[in-house]
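> Residues per chain, in single letters:
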Amino acid sequence: MSSEDDRGAPAVAATGLTKVFEKGRRTIWQRLRREPDARETFIAVKGIDLRVERGEIFGVLGPNGAGKTTTLRMLATLLEPTSGDVRVLGIDVKTHPREVRAKLGAMLSGERSLYWKLTARENLEYFAALYHVPPKETASRIDAALVAVKLADRADDYVERYSTGMRQRLALARALLPDPPLVILDEPTVGLDPQSARDLRDRVRELKRQGRTVLLTTHYMEEADQLCDRIAIIDHGEIVALDTPAALKRRIRAEEVVTLEIGMTGEDAPLLARLASSAVIARSDRHDGTLAITAHCASARDFVPAAFDAARSEGATIQHVEVVPVSLEDVFISLTGRALRE
Amino acid sequence: MGELRAAIAIARKDIRNVSRYRFVVASQIFTPLYQGVLPALLFGASFAVAGHVVGLEKTIGTTDLTGFIFLGGVMSGLVATAFWAMAMSIRNEMEAGTLEPTWLTPTSREVIVLGRALGGLFWFAFSQVAIFAIGIAFFGLRFRPEIVYALPAVVLAIVAMIGIAYLLAAVVLLIKEANFFIDCTNFLFATASGAAFPVVLLPGVLQPIAYALPTTYAMDLIRQAGLGSRPLFDPALEYVALVLTTAIAFPIGLWAYRRADRRIRRLGTINQY
Amino acid sequence: MNATYLAGDLRALRAAGRMSLRQLRRYPTNLLGTIFWPVLLPAVWVLMGQAYSGGGEPAALDAFASRAGTTGVTLFVFVGYLMYMWLSALLWGPGTALRQEQIRGSLEAVFLTPVSRLVPLFGPTLTNFVWIAMDLVVMGLAAWLLFGVVLSVQGMLLAAAITLIGVPAMYAMGALFGAGVLRFGEIGPAVQFTRGGLSMLCGITFPIAMLPSWAQAAASAMPPTYIVDAMRGALLRSATVADLVPAAASLIGLAAAFAILAVVVFRWLEASARRSGMLGRY
Chain A
78 MSSEDDRGAP AVAATGLTKV FEKGRRTIWQ RLRREPDARE TFIAVKGIDL RVERGEIFGV
138 LGPNGAGKTT TLRMLATLLE PTSGDVRVLG IDVKTHPREV RAKLGAMLSG ERSLYWKLTA
198 RENLEYFAAL YHVPPKETAS RIDAALVAVK LADRADDYVE RYSTGMRQRL ALARALLPDP
258 PLVILDEPTV GLDPQSARDL RDRVRELKRQ GRTVLLTTHY MEEADQLCDR IAIIDHGEIV
318 ALDTPAALKR RIRAEEVVTL EIGMTGEDAP LLARLASSAV IARSDRHDGT LAITAHCASA
378 RDFVPAAFDA ARSEGATIQH VEVVPVSLED VFISLTGRAL RE
Chain B
10 MGELRAAIAI ARKDIRNVSR YRFVVASQIF TPLYQGVLPA LLFGASFAVA GHVVGLEKTI
70 GTTDLTGFIF LGGVMSGLVA TAFWAMAMSI RNEMEAGTLE PTWLTPTSRE VIVLGRALGG
130 LFWFAFSQVA IFAIGIAFFG LRFRPEIVYA LPAVVLAIVA MIGIAYLLAA VVLLIKEANF
190 FIDCTNFLFA TASGAAFPVV LLPGVLQPIA YALPTTYAMD LIRQAGLGSR PLFDPALEYV
250 ALVLTTAIAF PIGLWAYRRA DRRIRRLGTI NQY
Chain C
112 MNATYLAGDL RALRAAGRMS LRQLRRYPTN LLGTIFWPVL LPAVWVLMGQ AYSGGGEPAA
172 LDAFASRAGT TGVTLFVFVG YLMYMWLSAL LWGPGTALRQ EQIRGSLEAV FLTPVSRLVP
232 LFGPTLTNFV WIAMDLVVMG LAAWLLFGVV LSVQGMLLAA AITLIGVPAM YAMGALFGAG
292 VLRFGEIGPA VQFTRGGLSM LCGITFPIAM LPSWAQAAAS AMPPTYIVDA MRGALLRSAT
352 VADLVPAAAS LIGLAAAFAI LAVVVFRWLE ASARRSGMLG RY
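Protein chains in written order, with the working numbering: chain A, 78 to 419; chain B, 10 to 282; chain C, 112 to 393.
Incorrect hints may appear among the rest.
[To be verified] Here are the computed lysine-lysine pairs in the DSBU-like style, where the Cα-Cα straight-line distance is at most 35 Å:
| no. | chain 1 | residue 1 | chain 2 | residue 2 |
| --- | --- | --- | --- | --- |
| 1 | B | K185 | A | K194 |
| 2 | A | K123 | A | K326 |
| 3 | A | K213 | A | K171 |
| 4 | A | K123 | A | K171 |
| 5 | A | K227 | A | K194 |
| 6 | B | K185 | A | K171 |
| 7 | A | K180 | B | K67 |
| 8 | A | K123 | B | K185 |
| 9 | A | K194 | A | K123 |
| 10 | A | K285 | A | K180 |
| 11 | A | K123 | A | K100 |
| 12 | A | K100 | B | K67 |
[Stated by the list, open to error] A few chain B positions that, by computed beta-carbon distances, are all more than 10 Å from chain A:
| no. | residue |
| --- | --- |
| 13 | I19 |
| 14 | F39 |
| 15 | G106 |
| 16 | W112 |
| 17 | S117 |
| 18 | F135 |
| 19 | R151 |
| 20 | R153 |
| 21 | E155 |
| 22 | R239 |
| 23 | P244 |
| 24 | F259 |
| 25 | P260 |
| 26 | R271 |
| 27 | L276 |
The hints are simulated quantities; they were obtained by calculation from the structure and are not laboratory data. We put the CB at the ideal spot given by N, CA and C, even for glycine.
Bound-form chain A, shown alone (with noise of 0.2 Å):
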């Protein structure tokens, strides 16, 4: 089994990959006497085949606690995997985990991450030592991982005095040390105003331009749609879709989104009987008088007036209509049933 990387091989190959999680210890009392395990249980990601090939930008869409964190460290080699086999670069990351870590880049807590007392370029040299840059390169690397995150300018401030958005670039910039082919971010825009997120997807898109294959997880469906080649979208420690974001939202066959809330009284199955006649009804609400919908069809133009229709005559009304087109927050309820961001 080769070390090396591998340059045919995809950027990571994951296959039956699984993480589980005990809850609650158990005692030297009962190892010594060799009781059963008797803990309770969480599977956290059950057996996932991930495939990213180089070069492109690969999303993990989720919402919180989903498992994208857990197997983003996975691959990373912070976390052992309960099972599955997992390369990254061609490389076996249980086997040769420091030859993995020698060409991964990786942000995964962000701000956090940082020594406030050391300016941005003291904190770079001690990574690029941890990172084995070689010394007549350190400082080149250095000045061009700065200039990529646009911090050239701030590097002999101490990182105390910068802002969140600062810290997260230059997280960024550290990730980039090893000049890796491969880029892990962890909600690289969590925390982040506007603006700033928007700068940081910037300095993503340029990092694909220059040829490196970024994977990211996000909760932010907008970033995924904008940013990613592909997506896979994780829900309870499964891959429940994987695509590129345009053949994910031609799944749910359906171009617009109708939301609506109808006032009624009676009861509401018949009334989704007949609107289903039309459209797909991807989630409906009733809380007291006022029934909500939302539904996917292929022309707001001619569901909505058969919704009217529908209503009038089972004696409803509608009171808002809302169109927009399809998002993968969509895509994620046609399949979970739920929303991103429950």
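Since the structure of chain A is provided, determine the placement of chains B and C on it from the hints.
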């Protein structure tokens, strides 16, 4: 070479980090003085008869109270460096979130502790030089020339403490109340090594623990060479014991640290705080 | 405290005390520390005393007695360390409560309420007494079980009385420290420095007679000096009530002086913070 450079970079980072808190730098020197050395000197001097601590002569064969206390401070300082600067600082970095990115690099985890050891030893040496200078200038601190024969003992003690730092790092990465654990065991370790009083005064049941510690022999050898005090055993035998205990402590510490590293990677607790 | 709000302030004071007690229970290592440190710290110094006295050489002990007023080294050390533990509990607890609130960001929230400013200043000191009582019991047991020291009933009663009389002075000193730390910053170094300084000045680990005269004069302005000396008098020198009256009077005077100073400093800081907007920042 990459690992060596990484270790030096870690040490440099720690030295830089500490040097930017001027109060911390000053307290490296003054805290051992006003918390340990001065009170002990004044306490000991309160037993002096015509300027001589005759009781100390009966206990260990020298009336040099100042030398006894200052050399005890060397061992306390070295133990504290291992416990706090080498081991506990790893836990502090874990809680601050800065340990995780270092574990993402190809630098081996063992070298990360070694790098901290180098940084910690720099401050240890810095503070000891300053404290000794104050002792010589204001307290009449003087040593016999034979003290240089104790230098190998100091080096061996440093190696032993790095091994113990690995063991402590393993513990603090895994337990919840690491601060309390380090505080207590630091104190007990230094006491059992004879830093504050000769180990022969320990209750009988605790003396075997003292004799299992490499620092006990190092402490005794340093005092015997520097002050001419009565040694616990033949100095040649003490050197053998020091080498043996060091040779046992180091691999045990390393093994424990590697086990802890594996456990953290299994549990995913590297970034918990 | 404004009479209109007095009832509310008293309730708030009680709530602050309850909060402190709750925190006490939720950190079990604090409890472990209460058993561990009061035994081991003095035990080490007692053994140091045995080393310096050659295991109780009469000449060495007489020299000690000429400076400390007693040959009872063990109890001398234990009384000194009782004060050391008291200082630690006071400085780390109520002494830094305000500063900790400021760092956490909750000081502003407290100041947004109508409660008297003196409640956050003095409130956390209420539970300090619990620590001292526990230390007294643990150290008394340790001195007896480990070193065979038996305390007289009269001595213990007088020592307890002087402790009670000394409580207001110690709390006032703690409040002054708390107000000072609010302005001047780093908790850890401030506590270490203050505790270390008081340990050196107040005869905690060695007889005050070993200090130069200027330091002895400074010691006479510190409440711990009187408490330690009076307790040693009660337990080691068979002092009577009459012997302890001067110390008690000094403690009452110092309590008033420190309390007034604490309030003055705290009011000045608060006014300054309201002008500069620094209350929520540090």
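> Of all the hints given earlier, name the ones this structure violates by number, lowest first.
7, 9, 12, 13, 15, 16, 17, 26 and 27
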